[in-house]
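With chain G's structure known, arrange chain A on it following the hints.
There are 2 protein chains.
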Amino acid sequence: MKRYAVILAGGQGTRFWPESRSNKPKQFLTLIGNRSLIQQSYDRLLDLFPPNQVLVVVGSEHLDLAKQQLPDLPLENFLVEPIGKNTAPCIGLAAVHIRKRDPSATMLVFPADHMIQGLTDFHLCLDKGIQWASNSDYLVTIGIMPSRPDTGYGYVEREEVPIDNGPPVYSVKRFVEKPDLDTAMAFVKSGRYYWNSGIFIWQVDSILNKIQLYLPELYNGLIQIEENIGTDSEDVVMRTVFHNLEAISIDYSILEKSDQILLVQGDFGWDDLGSWGALADTSASDIQGMVVKGDYVGIDNTDCFIHGQDVLIAALGVHDLVIVQSGNVVLVCDKSRTQEVRDLVQQVKEQKMEHYI
Amino acid sequence: MKRYAVILAGGQGTRFWPESRSNKPKQFLTLIGNRSLIQQSYDRLLDLFPPNQVLVVVGSEHLDLAKQQLPDLPLENFLVEPIGKNTAPCIGLAAVHIRKRDPSATMLVFPADHMIQGLTDFHLCLDKGIQWASNSDYLVTIGIMPSRPDTGYGYVEREEVPIDNGPPVYSVKRFVEKPDLDTAMAFVKSGRYYWNSGIFIWQVDSILNKIQLYLPELYNGLIQIEENIGTDSEDVVMRTVFHNLEAISIDYSILEKSDQILLVQGDFGWDDLGSWGALADTSASDIQGMVVKGDYVGIDNTDCFIHGQDVLIAALGVHDLVIVQSGNVVLVCDKSRTQEVRDLVQQVKEQKMEHYI
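Chains G and A are the protein sequences, given in the same order. At position 347 of the first sequence the residue is numbered 347 (our numbering), and the sequence of numbers has no breaks. At position 328 of the second sequence the residue is numbered 328 (our numbering), and the sequence of numbers has no breaks.
For the record, the hints were derived by calculation from the structure and aren't laboratory data. None of these values were measured; they are calculated from a predicted model.
Note that identical chains are pooled: a pair holds if it fits in a single copy or bridges any two copies.
Here are the computed lysine-lysine pairs in the DSS-like style, where the Cα-Cα straight-line distance is at most 30 angstroms:
| # | residue 1 | residue 2 |
| --- | --- | --- |
| 1 | 293 | 24 |
| 2 | 293 | 349 |
| 3 | 293 | 335 |
Same shape as in the complex, but just chain G (with noise of 0.2 angstroms):
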């Protein structure tokens, strides 16, 4: 019984705009260290899976991108989504790969554009994660411990009582949608609540016949594609019955509705990236609270996240700002408000000027 590990790379985000870009959104950044978001995911994996079980998924206009950062995977472990249907058919897709390859594996799902910075601790929630699920049909999530009462999350509510330990595991009550900021506030005075991390484990069984409960259009589109995997009507079949799915997350349909979840909590330095300002506040500052990347002149600023790409970046007398130039773009931003560039995005979007997205 082989374990295989799946990382979601189909996002189009455009939260990091102006470095994220319709050609390289953000899992393709390399935001923090030396590497891509999407090669610190594969990294993380490493200790744990051997490079023939981990798959990709991701959309076909950026999988030479990611041929590229990862040159390391089998090619064949590429799964490429001819069309973006976000959660449940790009898992549902990976689970009848999976299955092809071996029935009763177990499986793991990851984000591709997350940070995470505790290696052990992340590491012993998955081997707890992976205990539970494999000789089961639970769907097990990692909820991370919230250090704030961050609106931008969705949050999971557990029962009172653990039902393992070490790292403690919890059976779901709930799934919540991102809260307003009271509702979040209670949320973590309560200890019961966990933000959404996007990790799943469960056997490969387990999530297809869930699919098939609760998704069963979708489910009869991926056994059509699992009945073609390896032959010449492969790629077509993809497209056509991709293009004709709803688009749905994981959570809504399937994870909201099933009562057989459990929770392994996890602590170990999670931050979904979310935005300029989050990148800023994960990352290491000088006294004056500056993080800068690239050439910089600066005089008299405080507490900005300046990151030129291949220009001087000159400041002079301005605080709390976010900075960022790339390409042929410069933003200025409130540190407080990073998460409304998609705002400016749809600006740009709406002026006819897709040569800066």
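For chain A alone, coordinates are given in the frame of chain G:
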């Protein structure tokens, strides 16, 4: 008796960095309107001077740029400084060239990089100055009615009673270097102080006599130059003489010492555009106080000056900033501190990043 205009275009200023660079200083930039500052300085004179009576003094490294920007000016009217030596040598050089053409000429001197709004009033002042200078030994300057207690300008104090009217003409009591704020406020309140515009009117003989009196060494050099104008040795004599000259301003070396100075009162919307902030103040803004040039998207920004050359500038939630992209540099500066841009340039120099200057 002819009149000659001399445009002093030898400046190397870095205050409009990064748009001004060592190979393209301020006077050659198109900061307002569709023509560069030197082009506008030239255009302003065309009603009063035929092109062959306009001389431009320029540094050797900017001669080609000046010729390109002023294609109607006869080539022999570009006078090249081999090395910048402040205004006294430069004005003296123009004076001997003019004396060679017409010993009885009246000479008018203009900085190349100032902004003037009221052309009619400007011309009236020049006419009045010419009237007083052309039949006397007087050195005439235009004093600008101050609209604020600016500490970035030199001031000129006049005597109490005008000696002529429409526009008024006064004897000058003294020249004053840049004052502190309290002093500047007292100056403005008194009604007897004017900004030193750097515009001068005199007979070519009058100024050369004063140079002979106060700067005998410069005078000797100028005579050597004058004797070689149009000969094969002109260039080598120019280079030799100029390299050995003391760099000194006409204000400090002559005007402050002479008691034969008149002032014509100027009130025609003048600004020396000493910084990005000064340019922002003189530019038309929208209802949010934004002045924008180049591709731009923004949300909730107020009172910013945004000037992109060949990138998109995207701004979100920022206030009172100057944001300028030019070539390989992006400047983000508190609008009230743009005078300190030169200190940033100094930093760039110290860090040996000359390709950004």
